[in-house]
Each structure stands twice: as structure tokens, then as C-alpha cells.
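Asker: Protein chains in written order, with numbering that gives the first Met the number 0: chain A, 0 to 357; chain B, 0 to 357; chain C, 0 to 357.
Each hint should be verified, as a subset may be incorrect.
[Said to hold, decoys possible] With a cut-off of at most 25 angstroms between alpha-carbon atoms, the simulated PhoX-like pairs for lysine-lysine come out as follows:
#1 A/Lys356 <-> B/Lys356
#2 B/Lys356 <-> C/Lys207
#3 A/Lys356 <-> C/Lys356
None of these hints come from the bench; they were simulated from the model.
Residue strings, one per chain:
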Amino acid sequence: MGERRAGRTLADLVAAVERAAAGQLSATVVGDGGCLIEAVAPLESAGPTDLSFLANLRYRRTAASTRAGAVVLSAADYETVKPAANAVLCAQPYAWFALAAQILNPASPLEPQVADGAWIDPGARLGHNCRVDAGAVIEADAQVGAGCWIGAGCYVGRGARVGDGSRLHPGARVLADCVLGARAIVHGGAVIGADGFGFAPLAGRWVKIPQLGRVIVGDDVEIGANTTIDRGTMGDTVIEDGVKIDNQVQIAHNCRIGAHTVIAGCVGIAGSAVIGRRCQLGGAAMIHGHITICDDVIVSGGTLISRSINEPGFYSGVFPFMPNREWERNAALVRHLRELRERLRRLEARHARDEEKP
Amino acid sequence: MGERRAGRTLADLVAAVERAAAGQLSATVVGDGGCLIEAVAPLESAGPTDLSFLANLRYRRTAASTRAGAVVLSAADYETVKPAANAVLCAQPYAWFALAAQILNPASPLEPQVADGAWIDPGARLGHNCRVDAGAVIEADAQVGAGCWIGAGCYVGRGARVGDGSRLHPGARVLADCVLGARAIVHGGAVIGADGFGFAPLAGRWVKIPQLGRVIVGDDVEIGANTTIDRGTMGDTVIEDGVKIDNQVQIAHNCRIGAHTVIAGCVGIAGSAVIGRRCQLGGAAMIHGHITICDDVIVSGGTLISRSINEPGFYSGVFPFMPNREWERNAALVRHLRELRERLRRLEARHARDEEKP
Amino acid sequence: MGERRAGRTLADLVAAVERAAAGQLSATVVGDGGCLIEAVAPLESAGPTDLSFLANLRYRRTAASTRAGAVVLSAADYETVKPAANAVLCAQPYAWFALAAQILNPASPLEPQVADGAWIDPGARLGHNCRVDAGAVIEADAQVGAGCWIGAGCYVGRGARVGDGSRLHPGARVLADCVLGARAIVHGGAVIGADGFGFAPLAGRWVKIPQLGRVIVGDDVEIGANTTIDRGTMGDTVIEDGVKIDNQVQIAHNCRIGAHTVIAGCVGIAGSAVIGRRCQLGGAAMIHGHITICDDVIVSGGTLISRSINEPGFYSGVFPFMPNREWERNAALVRHLRELRERLRRLEARHARDEEKP
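Please build the complete structure, drawing on both the sequences and the hints.
Answerer: Okay, structure coming up:
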């Protein structure tokens, strides 16, 4: 999106990554630190001014022969691969590469301006250096922090707050009274703060329970395209700091998502579920309502979690796929597992009886 | 969304709920009917002007010690819990609470106006007392009933109809010729009336089948954020009265959803499926196309319904989750169930043969 | 959407379909070729100027007694059904019907115009005969081909390209630098080109990996409402010619979808997956990242594909649904399959031992 490239020498880049990581990512250059690096590229297509990285020894051959200007990898992998290219040795090559890619591709600076076609209520407050594009609507009493981008067609509701340095991509919506922390990234079509799904049965009909809470989002949260996070019924739905949420995710009312948890695409989380910190929910995983998942739980894609998890670990529950004919035969037997066990028990009992015979 | 609070005494509230429920929800106050109630709140955080409720005896301790001004609960639970707070005894406390919450938090009255940045075709017809916000577009021949709210960035297509008292939240879209009944609530990002997914194969390509029908939605229907309901191919997709649909639901062309059915988030319903009345589809349930589900069916979250259901009841079909290592071992055996049964049969046969021996 | 009906005789229609199919769909009229056909309709509701079709002999009775002006069906089915109506005999009745429906319901011609409320950057280029509706935003350096419709509230980002004859329905978004081929149809709420979901762990936090690639979409692609297709990290996400994608589908960064593949609603495809040509992914199927699926693979709805598929064929993996009580009993046993097999083995071993006895 109009990113500017900022070439620099490999040695400069190593220093810049170390600064960006606050000293946590020191690295050593093997080869020519004066090599000019302008961009990042995959091993197989990288050229002499590109930086690439090796995450997995499966790709060792490609790494050995890459035409990249430099390759980031671990010292151990370096010994195995011995790439012809310059190398950056680092204990965490993926994180190093991520920061280097950020440095080489800085987000384009916002040109602060409010477009002609943006509709901002006079009672809204906008920080300095914001950019608001055409078709965006900001309602009364909304507060948008400094240095924010409110893209085309975005919506910031009455009384909502958007933290400093946040970026709402075209078509993102933050509804009334919801709160986004600093440096939020919200992608297009996301809806933050729609009504939770709450109805009480009465004489064959459903009575709507007013959804009176908010969505409160911490700092450094990213929310994917067309993801929905509902406001709380009473009390709030809470997304803690550093949570990363992919596209098409549904988070229901009164959930709490712990800090630095990542949620892949198409996940659904039902009402009042509490997810711990540093969890990883695989794509299309489903979480029942009113359960608690402790910190450091990993859930496989497509798995339905139907009760609380109190032990950190890796959980799965997916029917294995197979050729359809084979599936038809095996799936039919899933309906008869109890009967199979019963037959097995009877055989075991006969055996036991037989062995008692003289 | 700018809700006004409307405090009243507990006795007044009891009378107001009974009126709202047309006499179906009579209740008795134990304690001080003159107690002022201003808001609803959960048992644990409620204060002296808050109304709370007890739905489940799991929370009996919290209910016993709540600082709420009043608690709604059943007479039986009252005898068990004996809360210190004032109590409202009622046979259906959840429904009573829902109506009380509505009365205490009335939707803010619309200020009828058409925003400067709204684009309404001169050939569209708008009822009285409507509010149309900036960025909304209403096309020619569309009819919007009285007292409707068409939020920012909404779209009402050519020839579409929106019933009296409906609320389209920011970014909801009702496409050409589709019909919403009275008091519809459509949340942001919902798309009512996109083309159904219909293609015929021809020589290795797909020929589009024009999608000529409409979506017809009854009265008192709520449709969640980013939900999609496709128009019929020939004939219409029909959502009957009182249906409640959560976020991220997909309803394909030519489906019919029976009155007062509720559909939780992330459900997918394939083309021409017919769902009965008063059904409940759990989150991420999937319904095959061209099947029929009778009235009063409950489907567990995550369950795929692959053929018609003719008996009311509760249906499930989800692989149980477990620690990943355990899952890997068990899931591998699912592929061999037929073989297991075969081995069991052979053992049984040997047994039978052995027992025939003299 | 304001489609015009274009009545013609049955004989004319047969000729027009043959032309449209470039000679691939010849058909024979049995009965009155002069019969006027104005519309398509289902067998059961069709009237004397309607064309209907028989796809499945299940509906033979309806076909026999239909009041349609003409019925399309295969010669073999004609012999079985002997409908009273005029008949069009054709080897591929479904494709024939699809083209006939297109001819009878041509998309309304665009009235080329740029609405007052559309915001087009002076640096964008628009082909001739385009229609841009209110609330649409087209950014600098975007190129929109000839004869395109950019609906209300659509967004075409900086440097994006939209091919000739494409139709972006209200609220569709094509982000910066992405490319749509000719005759694309993109439905409302679709987001083409949001950031892929890429983060590297560093000291308990997640570092964003800049998403620098694009989405490249071939010709004749249809993309459903609220579907999301993410841009590549490095390199592009590619959707080849003729792919048809339903609503609420999520396609992650760096995927490649082969030509003429169809993807039903709610499917999720994780990063860097490569799907072959002419595949069919059923609704809510899930595809793991970094795997390859060869050409001509069909995946059942709801199936999770967790590793590469190298053989064309039909694959499934769904837990069968059953009454909840029955499911609870059987699902519990799924957790003990290994134990069941172990018990079976022990029995088999005893048997073998017993038989060795004299």
C-alpha cells in the first residue's frame, strides 16, 4: 500500500534490527556486511539486493543455491547448509527476518488530511496528524487518537475511542462506545461492537435481551477482515493486549481473550468463553460458550472445544479424511461403536468362563 | 447506542413487564416494591439500584450475597437461595429479566433526518420519521417504511422494501427487490440478496445460472453482522417471522427458514434446505442442500446434517477433542474401524465353532 | 437487478443457445418451436411462457404434468417422462438451461455515469462506459477497465486493476495493487487483498511480518459476498481463470487456486495451500496450509484436509450425526478406540494360543 523501500547495507540492517528488538535479537554477519539490501524475497526468487531466510531444513537445497544478497538462518543450519550467499546468523531467524522486513518496508507515512467525502460529527475529537478518507463516518463524542488512519468507508460510532497510531482499513467499523487501544490494525469489513446474540424464550417467541456492554480492545491488537466481535450483554467483551485475530473470526458477547493469543481464520468463539494468554487457536476451531481455556493452550484447526481446559497443551479432535468410499464404510461404524464394544465384552466374558473350566 | 436510562420503582417495573408481556409474565415482589431500579447488572457487580437475575443454581452463593437492589428468580430457587436483596419471583425469570432490561434501556428515539451525505434516489419512497445517515445509499423504487433507521454506509437496492420500524445498522445491505418485514434488525456487514452460487458445467468451464429470485424476510427478524443470505435462483429464499440469525451465518439460495428458529454464529446452510419452525442450530453447524429438517429440531454446534430429519429432537455429530497425541492414535483407528469389526467377527465365528465342538 | 425480459420463440432460443455455446450445445425441439418463451421457472410453478428443466428423474411426475411452455431434458429422460409440454432434447440439459436463462434474463445494460457521491482520485484511470455509484472510492493509480460497474460503497485501492466488463457489487473492496481479470463478479462485502496473517514470536509477543504481495485474480472469476482473499507475504496469492468462489470463504496469503475450481460457502484455505484445477470444495471444507491438492479433487462439505492429495478423487471426513444421546455414547468410545483394539488383540492372541494346545 504505497510502501517505500529503504535500502541499506547488511551491517546497518543488523544494527537496526537489534535496536528495534531492544537488544533481544543480536546477529552475526558471515560474508560482506557492506552488501546493499533493498527488499525481502523468498529463497527461490531472491536476487542480489534481496534478503531471504531459511526456516526449515526441508529447503536447505534452495538455501544453498539461492541468489539472495543475504540469508538469515540459525548458526546450526548455517553449518549444515553453507549457503553461498552472505549470511545473518541469529538464534531466532524468523523474528529477525520479520523485523528486517518491517525496516525495509516501513508503512508509508500518513499524509494528514480529512477527505472531502468524510463525514465527521462536530462533536467528535480527532488527534493530530490523522488521515480520514472519503466515505468514512465519525459520530459525535467519538475520540480518535493521534496519527490514526481512518480508511474509506470506515465507521467510528458515537462515543467510541480509537487509540493513537491505529489504522482502520477501508470498511472497518467500530461501533458506539467501543474502545480500541494504541496501534490497533483493523482490516476491512470487521465489525467491532455489534449486538451479542441474546434472546429469552417466551410463549414460542424470542425476547431480545438488550446488549448494553462494550468491546474493549487492548494495545497492539490486529483484527482481520470481516471478523466480528460482539459487545457484551452486561459488562464488556475484552480483547487483551497483543492479541492477533485473523479474518472471518466470530467472537461472541462477554468473551475475554488473553494477551498475545493468536486466533486463525474462521474460528468461532461462543458467548462468555474465557481464553487464556498466549493461546493459539487453529483455523475454524470452535469454542463453546461459558467455558475457560487456560494459558498456553494450542487447539488444532477444525477442533470443537466443548468443555474447559485446565492444562496447557496441544488439543485436537478432527475426523480424519479419506477416500469417500472408505469414509462411508468407517463412518457408518462410528454409529455402532457401542455395539462393537458390547460384542467384545461378550467374547471376553466367554473367554474368562472358558478358562475357568477344568 | 445512546440508550437512555429510565429508572422506576420495582413495583412499577413489575407492572410494566406484565403489560409488555401481555399478561404472560406475572411476578411477585418479595421485599420493598418501592426500591428504585435504574439498570440491569450481573449478580457479582450489581449495586443497590440494579436489577439482576439468577438463571442457574450454580450461582446461588453469588445470588445470596449480591448487593443488587433486586434479583429475579423462580419461587423454588428463592426458597433455596433466600437472597438478602429484594426479589422478583417469576416462573420464567430469564424472559422477565429480558423485558425488564428492555424497559430500563429503551432504544433511543430516532431523530428523524436525512444526513447530508446520504444518497437517496428521487424515485425511492421513505416513510415518515426515518433517519438516514451519511454514506447510506437508497436506490430507485426502494420503499423504506415509517420509523426506520438506515445507518451510515447502508445500502437499500432498487425495488427493495424495508418494513416499518426496521433498523439497519451501519454497513448493512439489502439488495435489489429483496423484502424485509416490520421491525427487522440487520447488523453491519450483512448482505441480503447476493447472487446464489449456481453454475452448470460445460466443457470444463462453469456457466452462471442467473439468480432471479429474491430474499423475503418476515417480521421481527434479526440478522447478525456479516451474515449473508442469497437470493433464490428461481423463486425466493424465505426467512419466516421471528427468526433470529447470529453473525457470520451463510444461508444459500432457495432456503426456507421456519418461524422462530434461531441460528447461532458461523452456521452454513446450503441451497434449497428447508428448516422447520422453532429449530435451534448451534454455532458452526452445517446443513446440506436440498434436505428438510422438521420443526423443533436442535442441532449441536459443529454438527453437519447430511440428510433430512423427520423427528423433533436433539442431534449431534462432533469428533470429541483430546490431547493431540491421544487424538493421533485414536483418529488413525477411525480409518480402520471396518477392519476391527472384521477381526471381531472372525473371533466370534471361531467361538461359535468351538462351542459346537463336542 | 432490473433485469429485462427478452421473450422469443423456442426455436429462436435453441439457436441462440447454440451460438452462445459456440456450437457445443445442439438441441432438438419436440413440439411447437413457435411457442413464445419469456422466462424460466421451476417445473411446479411454470406457466405457458416459461421454460423449465428436468435434472433428476425423481421429479419425473412433476415434469410429466408441468404447465411450462417447454421443458429441457435429455433424450433418455424424454422417453421415460413423455411430458405434455414442448420439449428441448439436449445432452446437457443443465448447461443448456443455464445459457437459456442468461439469454432470457440479460444483465441490464450499464448506464455509464459517475454518481455525484462517488470519490475518484484524479490519478485513477477509468475505461469507457463505466458506471460508478454513490459512496464508491477509487484511489490514485487505480485502473478500471471498460464497461465496469463499481457499485455503491465499493473500494478500489491505489494501483489496483479491475479488468474490462467486471462488476463490483455494492460494498466489494479490491485493495491496493491487487489485480482482477476481465469479467470478474465480486459480491458485496468481499475483501480482496487484506494483509495475510503472519507473525513471528519474539519474547512472548508477536512481530508482524509485512505483507508485501498482491492478489492476482484471472478472468471470469466470481467471488461471493463477504469472502476474503489475503495478499501474499512475499509473492502473490493467485486465483486462476474461471474459479468460482461462494460467500464467506477465506483464502489466506500465498494460496494458488487452479483454474475452474469451485469453492462452496464457508470454506477456509490456510496459507500457501495450492489447489489444483477443476477441484470442488464442499461447503465449510477446511484446507491446511502449505499442502498441495492435485487437479480434479472433490472434497466433501465439512471435511478438513490435513495433508497433500496426489490422486484425483472424492475425499470425505465428517463425523456422522445422530440423536444426541446416541452420539454421547459413541463419541465417548472414540476416545478409547486404541484400548478397544488392544483388547481385541489380546483375545486374538489367546485364541491363537488355545488353538496350539493339543
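Asker: So, for every hint listed, does it hold in this structure?
Answerer: Verification of the hints:
1. Between A/Lys356 and B/Lys356, the direct Cα distance comes to roughly 15 angstroms. Compliance with the 25 angstroms bound is thereby established for this hinted pair.
2. This hinted pair does not check out: B/Lys356 and C/Lys207 have alpha carbons roughly 74 angstroms apart, beyond 25 angstroms.
3. This hinted pair checks out: A/Lys356 and C/Lys356 have alpha carbons roughly 15 angstroms apart, not beyond 25 angstroms.
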